[in-house]
Amino acid sequence: MRLHLNHGPIDLIIEAFGEASEVRHAYAQAVTRFQTILGELVAELPELRRPAAPGRGRIFGGSTAMRMEAAVLPFADVFITPVAAVAGAVADEIMAAMMARRRLDKAYVNNGGDIALYVAEGQSLTLAIAGTGHGFSDRII
Numbered sequence: 007m008r009l010h011l012n013h014g015p016i017d018l019i020i021e022a023f024g025e026a027s028e029v030r031h032a033y034a035q036a037v038t039r040f041q042t043i044l045g046e047l048v049a050e051l052p053e054l055r056r057p058a059a060p061g062r063g064r065i066f067g068g069s070t071a072m073r074m075e076a077a078v079l080p081f082a083d084v085f086i087t088p089v090a091a092v093a094g095a096v097a098d099e100i101m102a103a104m105m106a107r108r109r110l111d112k113a114y115v116n117n118g119g120d121i122a123l124y125v126a127e128g129q130s131l132t133l134a135i136a137g138t139g140h141g142f143s144d145r146i147i
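Per our numbering, the very first residue in the sequence shown carries number 7; after that it's consecutive.
Some hints could be false.
Label pairs and their calculated CB-CB ranges [claimed, not checked]:
{"hint": "1", "residue 1": "P52", "residue 2": "G128", "range": "42 to 48 Å"}
{"hint": "2", "residue 1": "L131", "residue 2": "F85", "range": "33 to 39 Å"}
{"hint": "3", "residue 1": "S27", "residue 2": "D120", "range": "27 to 33 Å"}
{"hint": "4", "residue 1": "E127", "residue 2": "D83", "range": "35 to 41 Å"}
Calculated directly from the structure, the hints in this document are not laboratory data. Every residue, glycine too, gets a C-beta built ideally from N, C-alpha and C.
Working from the sequences, and respecting the hints, build out all of it.
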C-alpha cells in the first residue's frame, strides 16, 4: 500500500516493502518528518535562493537545506542556487526519516520524478521510465 503526502508544492508518493509493522512505523516516521519540512524550507528560502559559491558551503539550520546546498556545490562555478535540488533533497530527507531504526526490504520516495531509493542487500526493485515508448529499454533493474 502506497502513502501519498501533499503540502503546497511538495507531492510525495511513497512505498515501502518489508515486515508489516516495520512498514507502518516507516510510514509514521515519514508523516512526522513531512509535517515540518515545508516550514523549515520556507524559513530559509531567502538564503536558499542565493547562488552557491565555489569552495564555500553555507551552514543552514535544516537538514534538507543542507542536502540542497551539498547537491549544488559541485556546480557552483556556474550560477546555481540550492533551490535547484529541492525535490531530490526532500525525497532524500523523507527516505532518511523512514529508514531511521527501521528494517525494510526496499522503499521509494517519489517527489515529482526526483526519487530516493532504498534496496536492501539481496533485494531488487524494477523501475520504469514513463513516456519513452521503447518497451523494455526504458527500464532500470
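### Query
Hint by hint, which ones does the structure fall short of?
none
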